[in-house]
Amino acid sequence: MFLVARVTNAQWFQCPLPIISHRLKPKLPSLLYNAKFYRFNKLSYSLDKESDDFLLWLERKAGTHVSSILSIGKSSYGRALYASKVIRTGDCILRVPYKVQLAPDNLPYEIKSLLTDEIGHVAKLAIVVLLEMKLEKHSDWVPYISYFPCLKDMHSTIFWSNDELEMIRQSSLYHETIHQKSLVKNEFLTIKNIPFADFLNHDGNVEAFLLNDDEKQLSEVIADRDYCLGEQVLIRYGKFSNATLLLDFGFTVPYNIHDEIHIQFEIPHHDPLRRMKLEIMQRHHVVVKRDVNAFISSVDSFSIKEVRSSSQKGKGLPQSLRAFARVLCCCSPQELNDLAIEAKQTDGRLARRPLRNIEKEIEAHHILVAQTSRLIKEYEASIKSLDAGNSSSSLVRETLGIRRQMAQDLLNGELRVLKSASTWLKSYCTTLITTS
Numbered sequence: 066m067f068l069v070a071r072v073t074n075a076q077w078f079q080c081p082l083p084i085i086s087h088r089l090k091p092k093l094p095s096l097l098y099n100a101k102f103y104r105f106n107k108l109s110y111s112l113d114k115e116s117d118d119f120l121l122w123l124e125r126k127a128g129t130h131v132s133s134i135l136s137i138g139k140s141s142y143g144r145a146l147y148a149s150k151v152i153r154t155g156d157c158i159l160r161v162p163y164k165v166q167l168a169p170d171n172l173p174y175e176i177k178s179l180l181t182d183e184i185g186h187v188a189k190l191a192i193v194v195l196l197e198m199k200l201e202k203h204s205d206w207v208p209y210i211s212y213f214p215c216l217k218d219m220h221s222t223i224f225w226s227n228d229e230l231e232m233i234r235q236s237s238l239y240h241e242t243i244h245q246k247s248l249v250k251n252e253f254l255t256i257k258n259i260p261f262a263d264f265l266n267h268d269g270n271v272e273a274f275l276l277n278d279d280e281k282q283l284s285e286v287i288a289d290r291d292y293c294l295g296e297q298v299l300i301r302y303g304k305f306s307n308a309t310l311l312l313d314f315g316f317t318v319p320y321n322i323h324d325e326i327h328i329q330f331e332i333p334h335h336d337p338l339r340r341m342k343l344e345i346m347q348r349h350h351v352v353v354k355r356d357v358n359a360f361i362s363s364v365d366s367f368s369i370k371e372v373r374s375s376s377q378k379g380k381g382l383p384q385s386l387r388a389f390a391r392v393l394c395c396c397s398p399q400e401l402n403d404l405a406i407e408a409k410q411t412d413g414r415l416a417r418r419p420l421r422n423i424e425k426e427i428e429a430h431h432i433l434v435a436q437t438s439r440l441i442k443e444y445e446a447s448i449k450s451l452d453a454g455n456s457s458s459s460l461v462r463e464t465l466g467i468r469r470q471m472a473q474d475l476l477n478g479e480l481r482v483l484k485s486a487s488t489w490l491k492s493y494c495t496t497l498i499t500t501s
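Under the numbering used here, the first residue of the sequence shown is numbered 66, with each subsequent residue one higher.
Be aware that one or more of the hints could be misleading.
In silico PhoX-like pairs for lysine-lysine, Cα to Cα no more than 25 Å straight-line [stated by the list, open to error]: (1) K449 x K378; (2) K202 x K126; (3) K177 x K202; (4) K370 x K380; (5) K281 x K380; (6) K370 x K409.
Simulated DEER-style distance windows between Cβ atoms [claimed, not checked]: (7) Q347 x Q399: 38 to 44 Å; (8) Q399 x S375: 33 to 39 Å; (9) G413 x S376: 24 to 30 Å; (10) K491 x C396: 42 to 48 Å; (11) R469 x P383: 30 to 36 Å; (12) H327 x F213: 31 to 37 Å; (13) F330 x K202: 54 to 60 Å; (14) D170 x S211: 58 to 64 Å.
Treat the hints as calculated values from the structure; they're not laboratory data.
Where a beta carbon is used, it is the ideal one built from N, C-alpha and C, also for glycine.
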């Protein structure tokens, strides 16, 4: 059975780069991580003879060819894999047996017996790597461990200083990073990948993935297009926004079609119908959060993707967001009860259809227009401020320059999403006004 490789949010352990493979149970996806900072322009490269020794070591360890059509090269942004022969669509690019993949099963029994059920696979992988690192030159994985990056080459926001994090305070990634840092203090986590496969860089537009075949006990990558001799071979880690790429891998892409923005809306405390609105949303399966004291929170978070069409559907704007705005603009118990009755008569979801009162429907969407317009101004101010400030140390300047560019990619992408949403919302309101 093939399992498509994908990436989920990861917390980071102090030796951070794609290092080991994590084969999960059947019906669960495998995980692929790569912390390289990669740009999708045409890069110059040179073959890495030292890395060829690593590939020979891996093939000796595997007892089979891992790949006969890939060579390790040095690009402008670190190691990468390049076609050493012409590759055709459907060709197997590489094939790595499970037996040469570090996994939680590699833990000695005396270590396993000390771990509780609360310790997950990721933490166990971290322990495996720490044990191999402790063995130093006596470890069978020395050729692989030697490729771990140094701290200055790691750009996940987990490693950003407080001053650097201020560059992305406008984004929800700022708060997510703070949250991840607190989790790291409780559990050592590491990045999971397969030796050699983790030299493959990411392109969000390709369809090639790392696949696991449990029956054959190996992982492989199949080419989704033709590659010329010397062309860098790419795979897609997943359909991830720059926020996810930056947190989990430490890189961004200049124009990410999967960018999204998380925004929050709150029912004002001075709203006389606040309690009724919260109760009716909870009753009709609208996700409402609870605070630390287990009370229902009046704040909801919504993820907006780029709205690419001017159609009435507004794909990219979640229906739950528009429903929230419709509930917000209700000013009488009767209006809320009418929404509840309509929900019961349809699919049970609250305020998912346009309000019958067109003026109210316009008012609801004007709430969203006002919020997106405010955020757009704040994002533009944050992006403008990124150009300010310099550091004295050349090394610090270089690192800060890279991270400032990442911050710009992140904020520009989220700003683009905001502007697309604002444009659609304004167009929708105009259409309602002209047709009423």
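Status of the hints after comparison with the structure:
1. K449 x K378: violated (33 Å)
2. K202 x K126: holds (16 Å)
3. K177 x K202: holds (24 Å)
4. K370 x K380: holds (8 Å)
5. K281 x K380: violated (41 Å)
6. K370 x K409: violated (29 Å)
7. Q347 x Q399: 38 to 44 Å: At roughly 20 Å between Cβ atoms, Q399 and Q347 fall outside 38 to 44 Å, so the hint is violated.
8. Q399 x S375: 33 to 39 Å: For Q399 and S375 the Cβ distance comes to about 34 Å; the hint holds.
9. G413 x S376: 24 to 30 Å: holds (26 Å)
10. K491 x C396: 42 to 48 Å: violated (23 Å)
11. R469 x P383: 30 to 36 Å: About 31 Å separates the Cβ atoms of R469 and P383, which means 30 to 36 Å holds.
12. H327 x F213: 31 to 37 Å: holds (32 Å)
13. F330 x K202: 54 to 60 Å: holds (57 Å)
14. D170 x S211: 58 to 64 Å: Since D170 and S211 have Cβ atoms about 24 Å apart, the given range 58 to 64 Å is violated.
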